[in-house]
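Q: Both chains are sitting in their own frames, so use the hints and assemble them into the complex.
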Amino acid sequence: MPRIQVGPDQPFTGAGVLRSAPGDGARGPEKPFVSVRVGDAIADAILDTGGVWLVLSPTDAAFAGIGNWEPVTNETLGIRGHDVPGRTYRAPVVLSAEDGCSVEIEITVFVPDWPEDDWPLPNFLGWQGCLNRFRFALDAEAERFYFGVLGVCEQGR
Amino acid sequence: MAAMNLTTCVDNRETSVWGLSIVGLPDEAVPGVSGEPGSFRNLWDLMFGRAPSMWPQNAGYEGTALVPVAGSGSVATTVAYGPDCLSLMVQTLRSFEHSSIAISQPYADRASDPPRVLRDDLPPQPGLVDDHAWLKQHSEEYRGQWVALCNGTLVAAAPTGSELRRLVAGRRGLHIVRLF
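First to last, the protein sequences are chains A and B. Note that the first sequence covers residues 1 to 157 in my numbering. Note that the second sequence covers residues 1 to 180 in my numbering.
If we strip away everything but chain B, and leave its shape as in the complex, we get (with noise of 0.2 angstroms):
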């Protein structure tokens, strides 16, 4: 059985780039593709390369490289990129019936796992009591606005999310709070 193992991602929102490796295939022949015989590499490029539709604007298939490895077949790396790249590769293979792959890459289920308690023994943040007194005392003032706060200290107030981000930019560790 093959699995699959996320090897590499750089998201920028913009254009992420996805390499999906796949782990113990062997480059032979695959049957039952469309009735077009060919090898592992020629399936993904089936899949994936030549379903331009199924690629939105500024998303697309890159390409896939096949490494022999040594007693385990070989690794397949897929590189796609667009902003909903991994998720099409991922429905691409789920959809296609082939008993010699499995996603078994536990990312693809991770947003039905259930909580994991990493740590409970964390320190307080007592700050936190400051900022709750600044807003009891200025939340009219500034209903409508997004606040970022630090200790019970307005670091900065703007209309809009981005506004706050753009006043804010490089400070961590802050309080954002929208004041509805």
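Bound-form chain A, shown alone (with noise of 0.2 angstroms):
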């Protein structure tokens, strides 16, 4: 059988924990979840390839401390079928590994206006703004996710 490897100069740098598990309140399919840090915790976020930026809940953002930080717009983000108003802040978040290296990179959070304890959703790692800066690969059996970020790391600026 052929086998596709990446080749050496496309690497994957770290692995982290692929958790699969309901991702709503109804017993609903099971979704990849994935850890990230925020500020001064750790979260976990569904691997979202249909969706934009990291959404954050306003209790993982409350975790996270970013009540406290600049908020960089408000936008009205559609998710799962509803028109959901939240603000947006700029953010390091780090894909932590389990295996190898993780990653620091900023991006774009949004997070719900929403009563804290009223909102139903979990956090989504969504592609636009987020994944699409990264090579990735997942290993259902191994409960792995394999990362490696695109382009040039701005470590130093």
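Hints in this document: simulated from the structure, not taken from any laboratory. Incorrect hints may have been included.
Said to hold, decoys possible - Going by beta-carbon spacing under 8 angstroms, a handful of chain B positions derived as facing chain A: (1) Ala111; (2) Pro114; (3) Arg116; (4) Leu118; (5) Arg119; (6) Asp120; (7) Pro124; (8) Val129; (9) Gln145; (10) Trp146; (11) Leu154; (12) Arg166; (13) Leu167.
Predicted, not measured: the structure shown is a model, and the values here were computed from it. For each residue, glycine too, the CB sits at the ideal point set by N, CA and C.
A: Next comes the structure, spelled out in structure tokens:
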């Protein structure tokens, strides 16, 4: 059977935990969760190849301390068929590796303007503005999320 | 061309106080402002201070201070407060088509900025594997709850996010998971 190898100049530099779990309160279908560090806390987010930015629940935003940061804009974002008002922040987010290297990336984080305990949805790590900066692969059996950044790291800026 | 910079911000989610600094403005007459002649200071007052309806409850306009700067016109600092005051001010500035005012501060459009990779050599966090093992073992038991984990150990669990925050107040670096 032919195998596709990722070349030496296109490496995955980190491997994180891939957790498969229900993504809403109705014990719906399982979704792929990965862990990200935002501010003072680690949150789990669904890999959402149809989404944008990092959508962070009001509770996770509070744990991260985002309330003390400067919001960038007020936005209304379509999430699961609903127009959700919220605020955006530019924030350093660490894609956490269990093996290899973790990656810190500055992305846009969307926090819904919503009563904290009424927010019904999980966090979403979106394609546009986040995942499209990575090369990544999933191994459902090993429960691993392999990733490597595309382009040049701006370390030291 | 004037440049606008965010100068100060105190945001506790209830009362944001924003200062917008407009650098390079001459304090001169501004034509075409609703037929009302005046200076930039008056223009600012007109835009922000005389339209109470633009401000939601618990928000408002404090005023504008214009300080001459040698060789570069003046610096205007506008202060407003309230959860949406920054957005309202930016929207108002954008709606006012005056050729010498430009919002050049990148924050105005930064939401659409592409992601920037800051570090790609950070150490791994092996404790997440232990958290993952805990979640596999206990997710049914704690379904419907919020849990806070640290290196595979349950720190606290609560039915709501706000209750969990109260239980672990002051602790940092926790892995927060909502078990749907």
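Q: What are the numbers of the hints the structure violates, in ascending order?
A: 9, 11, 12 and 13
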